[in-house]
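Chemist: Residue-level listing of the chains:
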Amino acid sequence: MDVKVIAVGNSFYGDDGVGAAVLDAIRESDSLPGIELIDIHTDALALLDHLEPGRAHIIVDAAQMGLEPGDVVAFRPDEVKLRIRQDNLSVHGFGLPEAFAMARQIGRMPEKVLIVGVEPARIVIDTGLSDVVAAAVPRVVSIIQAEVDPDGG
Amino acid sequence: MSTNLEIKVEHLTRVEGHGDIVVNMRDGVLEKAQLEIVEAPRYFEAMLKGRSFHEAAIITSRICGICSLGHQITSLKATEQALGLEVSEQTVLLRKLLIHGAALQSNILHAYFLAAPDFLGVGSVFPLVGSHPEVVVRALRMKRLANDIGDVVSGRAVHPITPVPGGFTRIPTEKELLGLKQRLLDDMVPDFLATVDTMEALAGMIPDFTRETEFISLRGDDDYALYDGDICSTDTGRVPDSDYMAMTNEHVVSHSTSKHCKVNRSSYMVGALARWNNNHDKLCDVSLQAAERLGLKPNCHNPYMNTIAQVVEAGHCALDAVAIIDTLLENGLKDEAPNQEPTKFGTGIGATEVPRGILYHEYTYDRKGRIAKANCVIPTGQNLANIDDDMKKLVPEVINESKADITLKLEMLVRAYDPCISCSVHLLDVDFIE
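The listed protein sequences correspond, in order, to chains L and P.
Using the numbering used here, the first residue of the first sequence is number 1, and each one after it goes up by one.
Using the numbering used here, the first residue of the second sequence is number 154, and each one after it goes up by one.
Be careful, since some hints might not be right.
Unchecked claim - Listing some non-contacts, in silico: residues in chain P with all C-beta distances to chain L over 12 Å:
#1 HIS207
#2 THR213
#3 ALA490
Unchecked claim - Among chain L residues calculated to face chain P with C-beta under 10 Å, some are:
#4 ASN10
#5 SER11
#6 PHE12
#7 TYR13
#8 SER29
#9 HIS41
#10 THR42
#11 ASP43
#12 LEU45
#13 LEU48
#14 GLU52
#15 PRO53
#16 PHE94
#17 GLN105
#18 ILE106
#19 PRO110
Stated by the list, open to error - List time: in silico DSS-like cross-link candidates among lysine-lysine, alpha-carbon distance up to 30 Å:
#20 P:LYS556 with P:LYS521
#21 P:LYS415 with P:LYS526
#22 P:LYS328 with L:LYS4
#23 P:LYS185 with P:LYS556
#24 P:LYS526 with L:LYS81
#25 P:LYS202 with P:LYS334
#26 P:LYS185 with P:LYS202
#27 P:LYS562 with P:LYS450
#28 L:LYS4 with P:LYS161
Hint data in this document are derived by calculation from the structure and do not stem from the laboratory.
In this text, a Cβ means the ideal position worked out from N, Cα and C, and glycines have one as well.
Generate the whole structure from the sequences, applying the supplied hints.
Modeler: Right, here's the structure in full:
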């Protein structure tokens, strides 16, 4: 299946860098040749440049889901309530919920979007993932592989 | 007349940054009017210590998603001065092109997504998407092209990687630059003119408020100074960037974890309005015509007009980007390697105009080419004291208005500065629907 994998997050903020780490793992293992890998870092608004109606998208992000650190959950945007918390004082407050809301309003929201959230353990200014989140990276890659190639070919 | 007033706007509740507007008036006496910062991005210095000169710019560019380019360029300039690395004219031109892209992107987003909702009396940009979809789509188109300037020149838009100490690891191709030029002329310029139309219709909503202010920005002899120049104060004129400590005077205040700054007065302002006041004579005609239509005059001391100054500046960035591409192509693109042979290990300062104002990085390197000491002074930190001073003058002037109106004016004031206090973590908050 034609899938775009999009990482969101800041790899200089501990486990917020899990998306980038997943992209690195895919590149190193060469497990998904030819698949489009995009890292939008912290610019969630850039998602609007990359969402293409008609194509499938997998978005990998650290997510506060109230689960155990390192837990991985894949969900569709309509299965959850993503809290909009635009801070109104700066454009820095734009996050995924705001980007999805805007994409829907201007007709750019693709039907197929899967979010793979990883519950973070450690959000501090530092490079590198915590052990539990690093251990979750292969599980995220497996979920992406299963999505790209449901038959396990 | 209302003599007692208490306002507390708790806006920024993100993990990494927190800022509240706090106003308190009792029996007609203003006790407090300030922006309280509980946390601010000032961790650069500790992270930089011990890093090699190859790493400094990469680290600082990753601190903030939107301000990354400005940090990167400023960091490179500080490192190059400290290590005695000369850069070519081509490198300077390519960096100026990057700065134009970043300024365009930031200024446009600020005008459309932050300021316009205020002017239209809606709480956020989302109602605008429904009522004025073509305007929002235009804003996104401009943002994308501005982003693409970064993609073409630096390899990646948000966290550029090809700019390194001494130059670039990859030079864009003639075809790529010509493509950008065409899109700037065909799309960006008309979109800019349409932006001026939109803003002209809204400019009447800008509060009429004036406070005598010291403005500080770069100023050069040749161009509208963004990449380099002297530090220039509207009070006392030009000094070299080596005087930056005296031109910032960072000091600790009790209500903010970010330090405040002052020079000749209790506060000063940096950003597009400061650049306009110091350098409007260097802007292109298209920008000057936009300024006239939008009511922006030289020596403007209304901080709300910062948004208009950003819009005016965007026209210059678009057209000067075209001029830079022309010069690069006339000179002929040279596939030159970055100059990374240090001729000394000392201290260097980088001063650059980033969208929110003048940004300083200062590094001292040891003999092994590792950072022994680093200091970064960010624009928002420099503006905080000025925001407080504006609030202290504004509140008594509008005290007879409703609390909601006063609150809105205070919020708009803070937004006019587009403060960068929450720029690092973008965690997703999720509630599963049962």
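Chemist: Run every hint past the structure and note whether it holds.
Modeler: Now the hints, each set against the structure:
1. Distance to chain L confirms P:HIS207 as a non-interface residue, since its nearest Cβ pair spans about 15 Å, more than 12 Å.
2. Some Cβ of chain L comes within 12 Å of the Cβ of P:THR213; the nearest lies about 10 Å off, and the non-interface call is violated.
3. With a minimum CB-CB distance of about 26 Å to chain L, P:ALA490 clears the 12 Å threshold, and the non-interface call stands.
4. The beta carbon of L:ASN10 comes within 6 Å of a beta carbon in chain P, closer than 10 Å, and the hint placing it at the interface holds.
5. Using the Cβ-Cβ criterion of 10 Å, the hint placing L:SER11 at the interface with chain P is satisfied: the shortest such distance is roughly 7 Å.
6. The restraint placing L:PHE12 at the interface with chain P holds, with a minimum CB-CB distance near 4 Å, inside the 10 Å limit.
7. Taking 10 Å as the C-beta contact cut-off toward chain P, the hint placing L:TYR13 at the interface holds, the least distance being around 5 Å.
8. Hint status for L:SER29: violated, given a least beta-carbon distance of 22 Å to chain P, over 10 Å.
9. This hint holds: L:HIS41 has a C-beta 5 Å from the nearest C-beta of chain P, less than the 10 Å allowed.
10. A least Cβ separation of about 3 Å between L:THR42 and chain P falls short of the 10 Å threshold, and the interface hint therefore holds.
11. Look at L:ASP43: its Cβ gets to within about 5 Å of chain P, closer than 10 Å, so that hint holds up.
12. With a cut of 10 Å, the hint placing L:LEU45 at the interface with chain P holds, because the nearest CB-to-CB distance is about 7 Å.
13. Look at L:LEU48: its Cβ gets to within about 6 Å of chain P, closer than 10 Å, so that hint holds up.
14. The interface hint given for L:GLU52 is broken, as the beta carbon of that residue sits about 13 Å from the closest beta carbon of chain P, more than 10 Å.
15. At its closest, the beta carbon of L:PRO53 sits 14 Å from a beta carbon of chain P; the interface hint therefore is violated under the 10 Å criterion.
16. For the restraint placing L:PHE94 at the interface with chain P, the shortest Cβ-Cβ distance is roughly 8 Å, inside the 10 Å limit, so the hint holds.
17. Hint status for L:GLN105 relative to chain P: holds, with the closest Cβ pair at about 4 Å, below 10 Å.
18. A distance limit of 10 Å between C-beta atoms decides the matter here; for L:ILE106 the minimum to chain P is near 6 Å, and the interface restraint holds.
19. Violation of the interface hint for L:PRO110 is found here, the shortest Cβ-Cβ separation to chain P being roughly 16 Å, above the 10 Å cut-off.
20. This hinted pair does not check out: P:LYS556 and P:LYS521 have alpha carbons roughly 59 Å apart, beyond 30 Å.
21. With a C-alpha separation of about 23 Å, the suggested pair P:LYS415 and P:LYS526 falls inside the 30 Å cut-off, and the hint holds.
22. Taken as a hint, the P:LYS328 and L:LYS4 pair is honoured in the structure, with Cα atoms around 27 Å apart against an allowance of 30 Å.
23. Of the supplied pair hints, the one linking P:LYS185 and P:LYS556 holds, its CA atoms being roughly 16 Å apart against a limit of 30 Å.
24. Among the hinted pairs, P:LYS526 with L:LYS81 is inconsistent with the structure: their alpha-carbon atoms are about 45 Å apart, more than 30 Å.
25. For the given pair, P:LYS202 sits about 40 Å from P:LYS334 by alpha-carbon distance, which is inconsistent with the 30 Å threshold.
26. With a C-alpha separation of about 38 Å, the suggested pairing of P:LYS185 with P:LYS202 is violated against the 30 Å cut-off.
27. Under the criterion of a C-alpha separation no larger than 30 Å, the hint pairing P:LYS562 with P:LYS450 is consistent with the structure, at around 22 Å.
28. Note on L:LYS4 and P:LYS161: the hinted pairing is violated, with a Cα-Cα distance of about 43 Å set against a maximum of 30 Å.
When each numbered hint is compared with the structure, violations occur for hints 2, 8, 14, 15, 19, 20, 24, 25, 26, 28.
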